[in-house]
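From just these sequences and the hints, can you work out the full model?
Protein chains in written order, with the working numbering: chain A, 21 to 495; chain B, 21 to 495.
Worth flagging that the hints you see were computed from the coordinates, not collected in a lab. Because the structure is a prediction, the values reported are computed rather than measured. Do not rely on the hints blindly, as some may be mistaken.
One copy or two, it doesn't matter: identical chains are merged, so the pair holds either way.
Listed below are the simulated DSS-like cross-link pairs for lysine-lysine, each with C-alpha atoms no more than 25 Å apart in a straight line [claimed, not checked]:
| no. | residue 1 | residue 2 |
| --- | --- | --- |
| 1 | LYS463 | LYS474 |
| 2 | LYS244 | LYS350 |
| 3 | LYS494 | LYS463 |
| 4 | LYS349 | LYS435 |
| 5 | LYS435 | LYS85 |
| 6 | LYS390 | LYS38 |
| 7 | LYS85 | LYS474 |
| 8 | LYS182 | LYS265 |
| 9 | LYS182 | LYS238 |
| 10 | LYS151 | LYS182 |
| 11 | LYS439 | LYS238 |
| 12 | LYS265 | LYS151 |
| 13 | LYS265 | LYS238 |
| 14 | LYS494 | LYS123 |
| 15 | LYS244 | LYS182 |
| 16 | LYS163 | LYS65 |
| 17 | LYS151 | LYS163 |
Protein chains: 2
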Amino acid sequence: MSEYQYESVTPELLEALKAAAPGHVTYGDEVNEDFERDEMPIYGKVMPQVVVEATSTEEVAAVMKLCNEHHVPVTPRGAGTGLVGGAVPIEGGVLISTAKMNKILSYDTENMVVRVQAGVLLNQLADDAAKQGFLYPPDPGEKFATLGGNVSTNAGGMRAVKYGTTRDYVRAMTVVLPTGEILHLGASVSKSSSGYSLLNLMVGSEGTLGIVTELTLKLIPMPKEVVTLVVLFESLDDCISTVPKLMRSGLQPQALEFMEREIVRLSESYLERSTFPQTYQGSEINAYLLVTFDGDDEEQLSGMIERASEVVLDAGALDVLVADTAQMKKDAWAARSSFLEAIEANTKLLDECDVVVPVNEIAHFLTFVKSIAQDYTFEVKSFGHAGDGNLHIYTCSSDMELEEFRKQVDNFMEKVYAKATELGGQISGEHGIGHGKLPYLEKVAGPVSMRLMKGIKEVFDPNMILNPGKVCYKL
Amino acid sequence: MSEYQYESVTPELLEALKAAAPGHVTYGDEVNEDFERDEMPIYGKVMPQVVVEATSTEEVAAVMKLCNEHHVPVTPRGAGTGLVGGAVPIEGGVLISTAKMNKILSYDTENMVVRVQAGVLLNQLADDAAKQGFLYPPDPGEKFATLGGNVSTNAGGMRAVKYGTTRDYVRAMTVVLPTGEILHLGASVSKSSSGYSLLNLMVGSEGTLGIVTELTLKLIPMPKEVVTLVVLFESLDDCISTVPKLMRSGLQPQALEFMEREIVRLSESYLERSTFPQTYQGSEINAYLLVTFDGDDEEQLSGMIERASEVVLDAGALDVLVADTAQMKKDAWAARSSFLEAIEANTKLLDECDVVVPVNEIAHFLTFVKSIAQDYTFEVKSFGHAGDGNLHIYTCSSDMELEEFRKQVDNFMEKVYAKATELGGQISGEHGIGHGKLPYLEKVAGPVSMRLMKGIKEVFDPNMILNPGKVCYKL
Numbered sequence: 021m022s023e024y025q026y027e028s029v030t031p032e033l034l035e036a037l038k039a040a041a042p043g044h045v046t047y048g049d050e051v052n053e054d055f056e057r058d059e060m061p062i063y064g065k066v067m068p069q070v071v072v073e074a075t076s077t078e079e080v081a082a083v084m085k086l087c088n089e090h091h092v093p094v095t096p097r098g099a100g101t102g103l104v105g106g107a108v109p110i111e112g113g114v115l116i117s118t119a120k121m122n123k124i125l126s127y128d129t130e131n132m133v134v135r136v137q138a139g140v141l142l143n144q145l146a147d148d149a150a151k152q153g154f155l156y157p158p159d160p161g162e163k164f165a166t167l168g169g170n171v172s173t174n175a176g177g178m179r180a181v182k183y184g185t186t187r188d189y190v191r192a193m194t195v196v197l198p199t200g201e202i203l204h205l206g207a208s209v210s211k212s213s214s215g216y217s218l219l220n221l222m223v224g225s226e227g228t229l230g231i232v233t234e235l236t237l238k239l240i241p242m243p244k245e246v247v248t249l250v251v252l253f254e255s256l257d258d259c260i261s262t263v264p265k266l267m268r269s270g271l272q273p274q275a276l277e278f279m280e281r282e283i284v285r286l287s288e289s290y291l292e293r294s295t296f297p298q299t300y301q302g303s304e305i306n307a308y309l310l311v312t313f314d315g316d317d318e319e320q321l322s323g324m325i326e327r328a329s330e331v332v333l334d335a336g337a338l339d340v341l342v343a344d345t346a347q348m349k350k351d352a353w354a355a356r357s358s359f360l361e362a363i364e365a366n367t368k369l370l371d372e373c374d375v376v377v378p379v380n381e382i383a384h385f386l387t388f389v390k391s392i393a394q395d396y397t398f399e400v401k402s403f404g405h406a407g408d409g410n411l412h413i414y415t416c417s418s419d420m421e422l423e424e425f426r427k428q429v430d431n432f433m434e435k436v437y438a439k440a441t442e443l444g445g446q447i448s449g450e451h452g453i454g455h456g457k458l459p460y461l462e463k464v465a466g467p468v469s470m471r472l473m474k475g476i477k478e479v480f481d482p483n484m485i486l487n488p489g490k491v492c493y494k495l
Numbered sequence: 021m022s023e024y025q026y027e028s029v030t031p032e033l034l035e036a037l038k039a040a041a042p043g044h045v046t047y048g049d050e051v052n053e054d055f056e057r058d059e060m061p062i063y064g065k066v067m068p069q070v071v072v073e074a075t076s077t078e079e080v081a082a083v084m085k086l087c088n089e090h091h092v093p094v095t096p097r098g099a100g101t102g103l104v105g106g107a108v109p110i111e112g113g114v115l116i117s118t119a120k121m122n123k124i125l126s127y128d129t130e131n132m133v134v135r136v137q138a139g140v141l142l143n144q145l146a147d148d149a150a151k152q153g154f155l156y157p158p159d160p161g162e163k164f165a166t167l168g169g170n171v172s173t174n175a176g177g178m179r180a181v182k183y184g185t186t187r188d189y190v191r192a193m194t195v196v197l198p199t200g201e202i203l204h205l206g207a208s209v210s211k212s213s214s215g216y217s218l219l220n221l222m223v224g225s226e227g228t229l230g231i232v233t234e235l236t237l238k239l240i241p242m243p244k245e246v247v248t249l250v251v252l253f254e255s256l257d258d259c260i261s262t263v264p265k266l267m268r269s270g271l272q273p274q275a276l277e278f279m280e281r282e283i284v285r286l287s288e289s290y291l292e293r294s295t296f297p298q299t300y301q302g303s304e305i306n307a308y309l310l311v312t313f314d315g316d317d318e319e320q321l322s323g324m325i326e327r328a329s330e331v332v333l334d335a336g337a338l339d340v341l342v343a344d345t346a347q348m349k350k351d352a353w354a355a356r357s358s359f360l361e362a363i364e365a366n367t368k369l370l371d372e373c374d375v376v377v378p379v380n381e382i383a384h385f386l387t388f389v390k391s392i393a394q395d396y397t398f399e400v401k402s403f404g405h406a407g408d409g410n411l412h413i414y415t416c417s418s419d420m421e422l423e424e425f426r427k428q429v430d431n432f433m434e435k436v437y438a439k440a441t442e443l444g445g446q447i448s449g450e451h452g453i454g455h456g457k458l459p460y461l462e463k464v465a466g467p468v469s470m471r472l473m474k475g476i477k478e479v480f481d482p483n484m485i486l487n488p489g490k491v492c493y494k495l
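Put into structure tokens, the structure is as follows:
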């Protein structure tokens with residue numbers, strides 16, 4: 021039994037919740053089934069007793085305060101696009117959705133920041149900022165995630181190789197603590213050395229230390245020109261060993277993705293469109309680099325293309341294709357962006373991890389993964405962000421029994437995580453821990469780190485009611 | 021009386037400390053007087069009972085463990101160049117200096133990181149990295165600070181406007197906890213979403229949560245070309261209002277400093293060299309922007325100079341001077357870099373703050389500071405990082421009594437901090453809180469943030485012995 025005592029929502033508390041968030045509370049049979057899980061159903065489905073679709077910081081705070089007083093567990097949720105069970109209400113209780121807090125509040129064009137509610141979707145901000153001449157650089161594959169969710173997992177994405185992860189764009193936030201207190205952290209300015217960085221602690225804490233309700237995010241001027249190169253390789257080894265050379269060149273690609281033959285074909289077949297060549301002058305193409313550069317003018321980009329081509333051809337590439345029209349860029353990136361969808365469409369049971377390894381260890385690591393994959397019944401598919409070593413490894417089966425799949429995946433993941441750690445990596449680059457990856461984090465982070473994390477959790481959440489059993493302690 | 025009980029170093033403990041760090045322990049009269057204070061003597065001078073000049077993580081850990089067991093306070097110290105009393109051993113006890121842990125351990129050129137001991141000086145790494153073709157971007161004014169100290173205050177500096185602060189370059193660290201446990205945080209990789217970011221919590225915690233002993237820092241390829249522009253203005257208002265325009269242009273200056281007439285003359289007189297023009301076609305020059313751009317080739321930089329000149333001349337600059345020879349760049353930056361030294365040489369009593377305000381509020385803020393400065397006996401001198409709104413405001417007197425100076429400065433600083441906060445700023449951009457700025461942080465951060473910070477401190481340091489009375493709680 022858990023060391024924590026949680027209470028259920030009583031009829032009296034339900035009435036109090038309805039009064040705190042009038043018109044935004046559903047309960048029992050009324051609750052939409054979407055709220056029982058995130059995008060990775062293998063991490064469980066549990067219905068919350070009550071759902072509050074909050075529309076303001078004050079509503080979130082009032083609900084949180086009531087639940088804290090009554091020791092009722094609360095699970096925060098954005099768009100539910102997570103992959104580690106972080107938004108699954110594993111103890112039932114109340115689920116607070118921020119999805120309806122979806123207003124872009126204001127731009128400060130002189131200081132180049134935007135203030136948004138936490139439920140604004142990534143693509144909603146990206147499109148709107150573009151109209152103002154700005155780029156919001158973080159670019160995770162899932163464009164329908166909320167920005168609050170992105171902050172909670174420190175989401176990375178394609179452009180992290182040049183522009184960094186979500187953490188680097190969070191200037192300030194409003195957060196509701198597990199006690200119901202409202203806290204403003206940070207400022208619109210870029211520098212701070214004003215006490216412990218509670219802001220940075222909150223980023224990546226997966227809704228366990230507070231519920232982010234508002235964000236001030238850094239923007240950059242929209243680069244004027246963008247070009248994508250498709251680089252063809254006969255072998256994965258050549259492809260991967262090109263990456264550190266490109267990074268050392270000083271060229272600063274905006275994105276740098278590697279793709280293996282098999283997953284490219286799967287995605288093309290899913291999209292019913294052939295985008296990438298399969299052979300080059302009689303040689304089979306087994307690996308691709310997809311490289312994007314941005315810059316101020318065509319001339320600068322021409323220079324970059326030329327220098328990049330030299331680097332990759334010297335490193336063993338077969339050829340370089342330049343996607344310089346809008347349609348060609350769109351097609352190339354559409355194929356890359358559909359990997360997860362293509363995998364999902366072709367499999368019944370799915371699990372994944374998103375380890376990070378040093379960029380010069382990617383080939384070594386993938387060779388290891390392929391060699392052990394043979395010992396399991398499921399199929400293994402992988403792709404990833406070559407520029408920062410963040411790899412996505414999928415285990416897929418359409419015919420295994422769930423229990424056997426889980427058992428084998430657990431065994432496989434342990435080996436994968438151990439290898440990534442041995443190579444000096446991290447167990448998650450951008451998806452987080454949730455409750456699905458907690459046992460692995462415990463092994464890798466060790467007891468001292470886990471003790472400190474749990475201690476921090478207790479400081480923020482004395483009753484341990486906010487997103488219980490996630491990230492840093494088991495129930 | 022303090023709520024905390026601290027013990028003195030007994031003869032028995034002294035023997036145990038000597039055994040733990042043989043040859044590296046001094047005590048009583050042997051202790052070098054430098055260890056009683058940092059660079060800002062107004063924040064107190066207290067001699068430690070014992071100094072340990074540690075040479076390894078293991079020595080730090082052994083000393084820390086003994087002190088924790090005996091409830092003896094420990095103050096960590098790098099080069100002692102701090103400005104807020106952070107390294108003053110206000111409770112006596114043991115001071116652990118990391119200055120002798122000054123080895124650059126290894127470069128990983130493929131992943132572009134360097135591993136160093138925490139006592140390596142900033143200029144030592146900068147010079148060494150340059151020989152390998154790399155730039156370590158953080159560039160605080162004080163080049164003789166240790167990297168451990170830079171990490172502890174999240175030091176910023178001149179190049180933060182393009183490259184960010186120290187936080188952005190810390191990939192991994194070895195840290196000795198107040199309990200004496202050794203913890204490794206982070207990895208050489210750039211992305212992580214693997215539990216609470218203890219690494220980011222440690223950055224900027226000013227040696228209160230642990231003693232950093234080793235760091236893995238991100239490097240970037242050395243930019244091939246660098247050019248500095250000196251932009252002349254008749255008024256400070258025109259000068260400052262140019263800044264957001266330059267930032268919006270997408271040109272990304274590496275550094276962007278503003279300087280007022282008076283401090284430039286002071287610095288030139290201190291250096292006995294005249295560098296900047298004082299008039300332009302009959303107009304008096306009252307403010308300067310010092311702008312540095314870096315890039316890949318001369319052609320790209322020529323384009324940048326041209327575009328930047330257009331922007332600043334449109335915004336009201338009188339003229340733009342291009343410092344494109346090594347000597348001209350050196351002279352221009354030498355004048356800027358000597359501001360603090362020039363002030364120190366000309367004053368007996370000195371205090372300062374390093375608030376941050378939004379870049380479009382700099383002029384507004386400085387006008388406020390000048391207007392209230394008239395109410396005080398001391399002189400006020402200011403300069404700062406225009407690109408990120410981080411301003412350095414100095415209060416200087418050579419004839420006031422200490423007590424009166426302190427009283428007036430306290431009154432002045434309260435108003436300055438309140439104004440910066442009102443404008444959406446932060447009370448320290450890069451110097452930190454130490455114990456000198458603690459009362460101001462309490463006012464600005466508020467009781468909830470202070471409670472959380474102190475709670476975190478207790479999690480890491482149950483006996484509250486590491487750097488007591490700094491950052492987040494008074495003794």
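Hint check:
1. LYS463 - LYS474: within (15 Å within a copy, 29 Å between copies)
2. LYS244 - LYS350: within (17 Å within a copy, 33 Å between copies)
3. LYS494 - LYS463: Only inside one copy: LYS494 and LYS463 sit 13 Å apart there, 37 Å across copies, limit 25 Å.
4. LYS349 - LYS435: Intra 37 Å, inter 54 Å, cutoff 25 Å: neither.
5. LYS435 - LYS85: neither (42 Å within a copy, 35 Å between copies)
6. LYS390 - LYS38: neither (53 Å within a copy, 53 Å between copies)
7. LYS85 - LYS474: both (21 Å within a copy, 22 Å between copies)
8. LYS182 - LYS265: both (15 Å within a copy, 24 Å between copies)
9. LYS182 - LYS238: This pair counts as both: shortest intra-copy Cα distance 15 Å, inter-copy 13 Å.
10. LYS151 - LYS182: both (22 Å within a copy, 24 Å between copies)
11. LYS439 - LYS238: between (36 Å within a copy, 23 Å between copies)
12. LYS265 - LYS151: between (36 Å within a copy, 18 Å between copies)
13. LYS265 - LYS238: Intra 30 Å, inter 16 Å, cutoff 25 Å: inter-copy only.
14. LYS494 - LYS123: Neither. Shortest intra-copy (35 Å) and inter-copy (41 Å) distances fail the 25 Å Cα cut-off.
15. LYS244 - LYS182: Both. Shortest intra-copy (16 Å) and inter-copy (18 Å) distances satisfy the 25 Å Cα cut-off.
16. LYS163 - LYS65: Answer is within: at 23 Å inside a copy they meet the 25 Å cutoff, but 55 Å across does not.
17. LYS151 - LYS163: The answer is within: 17 Å in one copy meets 25 Å, while 42 Å across copies does not.
Checked against the numbered hints above, the structure violates hints 4, 5, 6, 14; every other hint is satisfied.
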